[in-house]
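**Q** With these hints in hand, go ahead and build the complete structure from the sequences.
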Amino acid sequence: MRIFDPHIHMTSRTTDDYERMAAAGITAIVEPAFWLGQPRTSVGSFTDYFDSLVGWEPFRASQFGVRHHATIALNPKEANDPRCREVLELLPRYLEKDGVVAVGEVGYDSMTPEEDEVFAAQLALAVEHELPALVHTPHRDKARGTERTLAVVAESGIDPGRVVVDHLNEVTVGLVRDSGCWLAFSIYPDTKMSPPRMVKILQEYGLERMLVNSAADWGRSDPLLTRTTADEMLAAGFSADDVDRVLWRNPVEFYGQSGRLDLSDAGEKEATFAGNSILRGGS
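Using the working numbering, the letters of the sequence shown map in sequence onto residues 1 to 283.
No lab work stands behind these hints, which were simulated from the structure alone. Some clues are possibly wrong.
[Stated by the list, open to error] Here are the simulated distance ranges between beta carbons:
1) 203 / 62: 33 to 41 Å
2) 171 / 129: 30 to 38 Å
3) 93 / 219: 24 to 32 Å
4) 177 / 252: 20 to 28 Å
5) 236 / 51: 39 to 47 Å
Glycine included, every Cβ here is placed at the ideal spot set by N, Cα and C.
**A** Here is the structure:
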């Protein structure tokens with residue numbers, strides 16, 4: 001079984017997670033730029049973070065045979081902080097990097113006027129740089145936030161087939177289904193979707209334009225929940241080809257629109273753990 005996790009924050013995870021993921025068949029990932037859990041107070045802190053996403057993290061993943069790509073953006077939560085607004089001027093430099101396959105995460109947190117402005121500006125960057133866009137829907141008032149998201153996407157002029165709307169659930173899947181956008185679901189304990197709920201959505205709405213991710217980060221989360229969902233699909237009667245479509249071919253098709261997706265060695269390189277002083281923190 002081969003699995004591509006299209007939304008996971010490995011900067012927050014350990015090398016043990018990479019090892020477990022590779023063993024479970026998760027050999028390709030996309031890591032979106034996101035909120036680190038506390039406010040960043042200067043543009044320089046974003047520069048360091050983006051450099052890590054396009055440099056250090058792909059190297060760290062490669063030690064375990066996992067192919068790492070990133071998306072770059074000013075996230076919705078920090079879009080409200082005026083100290084972070086200059087990040088928009090920084091983004092074009094990173095949106096030209098080979099390993100960057102989309103603009104993201106963009107979208108809404110609290111649906112403020114500031115978020116409206118930053119969201120629209122970053123969709124314009126996606127169009128300018130000919131990249132797909134990864135959109136974060138708010139955790140609160142999700143239905144209204146999703147409706148507003150689709151309106152901004154429509155106003156932007158971006159091809160909806162180059163937009164994935166993430167963190168969907170049973171309430172919002174129908175809103176996005178007929179928009180032409182891709183649909184993404186985060187399998188995340190307590191606060192988002194579970195594998196059984198995801199299987200029911202796939203049974204009702206089909207497999208087209210569907211992405212499943214773990215969104216694993218610094219919170220209570222599990223980077224193996226894409227594999228758990230694949231197993232639940234098989235147990236529910238989906239075929240191995242169905243699983244491959246949702247957990248591999250769909251994310252490859254979506255992010256492949258960037259022209260930068262490189263999966264040539266995903267899962268083929270054996271991890272060399274012993275004696276690796278960098279990964280073990282040695283000098």
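**Q** Next step is simple, just say for each hint if it's right about the structure.
**A** Now for the hints, and whether the structure bears them out:
no.	hint	verdict
1	203 / 62: 33 to 41 Å	36 Å, holds
2	171 / 129: 30 to 38 Å	32 Å, holds
3	93 / 219: 24 to 32 Å	30 Å, holds
4	177 / 252: 20 to 28 Å	21 Å, holds
5	236 / 51: 39 to 47 Å	42 Å, holds
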